[in-house]
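Asks: Could you put the whole structure together from the sequences, leaning on the hints where they help?
Number of protein chains: 4
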Amino acid sequence: MELDVEVVVDIVRLEEKLIINSLRNIGLDLVITNLKLKPLSWIDKAPYLSVIRPISMQKAVYSACIRNSMNVKTINNYTSIMIAGDKILTLSKLKEFRIPFPETYVAFSSTAVIKAGEEIGFPLVDKPPIGSWGRLITLVNDMQVLRSIIEHREMMLSQSTKTHMIQRYIKEGRRDIRVLTLGDEIVGAVTRTPNGGEWRSNVALGARMEPYKIDTDLEDIVHRTIKAVGGDFLAIDVFLEDGRYLVNEVNGVPEFKGFMNATKINVPELIAKYIKAEIKK
Amino acid sequence: MELDVEVVVDIVRLEEKLIINSLRNIGLDLVITNLKLKPLSWIDKAPYLSVIRPISMQKAVYSACIRNSMNVKTINNYTSIMIAGDKILTLSKLKEFRIPFPETYVAFSSTAVIKAGEEIGFPLVDKPPIGSWGRLITLVNDMQVLRSIIEHREMMLSQSTKTHMIQRYIKEGRRDIRVLTLGDEIVGAVTRTPNGGEWRSNVALGARMEPYKIDTDLEDIVHRTIKAVGGDFLAIDVFLEDGRYLVNEVNGVPEFKGFMNATKINVPELIAKYIKAEIKK
Amino acid sequence: MELDVEVVVDIVRLEEKLIINSLRNIGLDLVITNLKLKPLSWIDKAPYLSVIRPISMQKAVYSACIRNSMNVKTINNYTSIMIAGDKILTLSKLKEFRIPFPETYVAFSSTAVIKAGEEIGFPLVDKPPIGSWGRLITLVNDMQVLRSIIEHREMMLSQSTKTHMIQRYIKEGRRDIRVLTLGDEIVGAVTRTPNGGEWRSNVALGARMEPYKIDTDLEDIVHRTIKAVGGDFLAIDVFLEDGRYLVNEVNGVPEFKGFMNATKINVPELIAKYIKAEIKK
Amino acid sequence: MELDVEVVVDIVRLEEKLIINSLRNIGLDLVITNLKLKPLSWIDKAPYLSVIRPISMQKAVYSACIRNSMNVKTINNYTSIMIAGDKILTLSKLKEFRIPFPETYVAFSSTAVIKAGEEIGFPLVDKPPIGSWGRLITLVNDMQVLRSIIEHREMMLSQSTKTHMIQRYIKEGRRDIRVLTLGDEIVGAVTRTPNGGEWRSNVALGARMEPYKIDTDLEDIVHRTIKAVGGDFLAIDVFLEDGRYLVNEVNGVPEFKGFMNATKINVPELIAKYIKAEIKK
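Residue numbers (our numbering), protein chains in the order written: chain C, 6 to 286; chain Y, 6 to 286; chain U, 6 to 286; chain H, 6 to 286.
No lab work stands behind these hints: they were computed from the structure. Check each hint, because a few of them may be wrong.
Straight-line alpha carbon distances no greater than 27 angstroms define the calculated DSS-like cross-link-like pairs of lysine-lysine that follow [unchecked claim]:
| # | chain 1 | residue 1 | chain 2 | residue 2 |
| --- | --- | --- | --- | --- |
| 1 | U | Lys167 | H | Lys43 |
| 2 | H | Lys167 | U | Lys167 |
| 3 | Y | Lys167 | C | Lys167 |
| 4 | H | Lys78 | U | Lys232 |
| 5 | Y | Lys41 | C | Lys167 |
| 6 | U | Lys120 | H | Lys167 |
| 7 | Y | Lys167 | U | Lys167 |
| 8 | H | Lys41 | U | Lys167 |
| 9 | C | Lys50 | Y | Lys286 |
| 10 | U | Lys41 | H | Lys167 |
Replies: Structure follows, in structure tokens:
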């Protein structure tokens, strides 16, 4: 029947299990669409709303896009997943909405990467526009390492992993903050401290999370980012440098296990309530 | 100065040379941005308008996106290049605008591809969502070939080339029509007849082009497609099956050498005039 | 102490577990070297004998080669694993020893593949020189499928998977026979019958095995193949076509689970006894 | 007729042109086999001798191997091309022949790479076993760079580029010497000095070559390396560290343009004479 809520998954992590349980607990009729088992199509029976949770960004974009075209609301909608999923699109939206972010160059050839490196100066951060959990993000201390990274990336087949984002490295006194948002509301915020021996603050790389008290500056930049990217449920990564907030990345299919442990906030329950409210509209 | 027109290129084909010459002939100040030589940035000096011509779809999307975020009009804008450049996004837009296209399934796993194959029946067409010149598009006659294609695609690293679009094969009596559009106007149309030994009608694979007389049905579907995809300069590929038009693909950075030869229409001159008119607005 | 037997593994399958148990049962001191956990080196402490069981052919070659260079006997030695692991090297050895095999061309470019296809005629078999479990081996019925396979292979990065072996397809009345050998002895033989819907007779693709009675012709070709390839423990795949045996492939790190089920021969026990005898030499 | 000399090529560099000209000048009947144009086969008409010059190591091994199996002498034979073409096989042969080389670990997993890194200490050299012109060879100053290299290599599809050779970095006072050999004779030797900004001494990366006077220690290690690797025409790369020679790499399809410029030795002429002498045997 038409009020079904669909959850689209490929690999079911703890996050997906928690969301599915919370949606069931709140009394919603669920359809689980497992991309490993069945194809999607534009003639599929439309659910009322679809929660998009594939781990693969590309699969998330495609599922959301097909459902949106059938006039199905998705959490998140496909444009926000796409913008958040590609860091070049993210920074472009931030630029359009005049939201500050670290100085960055985009380079498609070894010559261009080297020029960008000379422009930014060392140490710098080199990352591909697509990718999660900090993967391939490299702190580059000198031109020799940059050359090695260029050679490695040239041997990749996907244009996305071949593309270099060359970014100013924010070092001393930096804080890494992750903010979770639902609709126009801020769910909470945590700091992320890298594991010893790592400079990257990704939880997948062992970073430690602690609750962070939101101030009005952070609130302001987060609300503008929600507006820029769109989407109902986002994780927004912000650097604090010399008292100034800079948006670094946005995640359109957020993981929230570490966030829950650090803040004791029941995120899946909030998601379920949010979806129930959406349905009543 | 602010009225510069930028042409963004990576490999300069005949098409790019013709566009650059026509823009110069009409008296515009050009800046050629070669992605092989320099990085792009959100702090670049903004041109007035940017013509996006990289061969690589991803580079085209990224260049357009960065320029659009700087409030620079691009031909085409980034959303239309992205929608045209990914066949799953294209079909989704067609669906949203109720424009007919061949029955298609999207599958992300071998199990799902086989189900889609059973649903559609053989022969069928299998293609990845991203790619040009007909590359990797396979006419699949039976399950054994489908299994082999699945195994080959599993060994690719990019999620886009791993994804299968399983499409009904339109065989007998089919005509392949390519329509070129500029703004809301139709520039012209050609039929494309595959080279002997090929079933694909891509010019890169030797297809022959001949002028095609546009009728009101074609006009209608083309105008709706322009609206669906957006973009100033598009190539729209349409099948004619049993008197009915179906949109197959859209190209957001169109090649037009073969079209010019077949129709004697001076496409780059029209593009230059269109851009001049845009600037005067 | 010096009489240690090393078993080198990466992923431990049933086969490796059985071998390890049999070696322990027969009273040998084992060292398990897991390539996932530690690097190899030319200054490692040398075992007396090393059983090479990584699933990855390349890892098997490298491990055997390092151990052989330390004057350690390996089962199998590195040249036999390498020759068996690459079908072009295998056929070259068969040629050198005048052992019959199906007519085959080796092609490195699309032009060369198409010429080879015209030479052999359709249907033909296209396979890369490296790979297991029948993967990427395609029964090609016509030039259109061959072109699609060429395009797919061109997008692979490894030269080995880019290389095409174009082979005459042996169809009607064919029997697929697998012979297991230990030293100069034949352990046994089975036929392999493809699963319905598959033409490939790989157990990984569902093929059924049944015991096969060895005749003197088969005995002869197997003994010559052992001599050609070298190695203590081999699986030799033979086609029977019109009463004539043709060697197709050799496996230098054989799986034997299916063989054991079909023949009730305790392969790991035989291996353990063989190794004990080797040590006493 | 049977006394034809075959030259097998894919991309024809200056080196191949010079060899072909010298062979013609000395009066030999040549057949050029271009792997881009035709397939190879075990039923090809056999030349008398085959000069193996494909740039791709894999294609060189395969061509040599097919010709050797037809009882055709190749320069070089397939085992020497293979041993020289894969640095793990090279070091294994050096070990077997008790020829000194820099301390090296071979690692197949991130855990194993990190252990090898801890064992060797920083700075260290990380390289894949296969590859030319110094590509992907990285001077790694700390664990963070090593982790980034691991992540990049994990995204490669070929097992060879995924495999890490972790090697002691030879720094201060090092000299890089390249020795060219033909049969049992040393053609000459040069030092290679890296281009400013590069630490790698590859000519492809701008290194400068100067003649180097061979002493008896170098002569000795070179002759033992020729014996270890086999092959008629080799380039042997040797480090001089604190008065001691260490073999680093061997090239089985040597480039010699830079060597000719530095030494004024006419290498292709020497090759042609060598081949003429071989034919008379």
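Asks: Are the hints correct? Go through all of them and say.
Replies: A quick look at each hint next to the structure:
With a C-alpha separation of about 15 angstroms, the suggested pairing of Lys167 of chain U with Lys43 of chain H holds against the 27 angstroms cut-off. Between Lys167 of chain H and Lys167 of chain U the alpha-carbon distance is near 17 angstroms, which keeps this suggested pair within the 27 angstroms criterion. Only pairs whose Cα atoms come within 27 angstroms are accepted, and Lys167 of chain Y paired with Lys167 of chain C is accepted, the gap being roughly 17 angstroms. A C-alpha spacing of about 22 angstroms is found between Lys78 of chain H and Lys232 of chain U, which places the hinted pair at or below 27 angstroms, so the restraint holds.
For the suggested pair Lys41 of chain Y and Lys167 of chain C, the alpha carbons sit about 13 angstroms apart, so the restraint of at most 27 angstroms is met. As the CA atoms of Lys120 of chain U and Lys167 of chain H are separated by approximately 33 angstroms, the hinted pair breaks the 27 angstroms bound. Among the hinted pairs, Lys167 of chain Y with Lys167 of chain U is consistent with the structure: their alpha-carbon atoms are about 17 angstroms apart, no more than 27 angstroms. This hinted pair checks out: Lys41 of chain H and Lys167 of chain U have alpha carbons roughly 13 angstroms apart, not beyond 27 angstroms.
Restraint check: the Cα-Cα separation between Lys50 of chain C and Lys286 of chain Y comes to about 46 angstroms, which exceeds 27 angstroms; the hinted pair is violated. Taking the CA atoms of Lys41 of chain U and Lys167 of chain H, the gap is about 13 angstroms. The hint holds against a cut of 27 angstroms.
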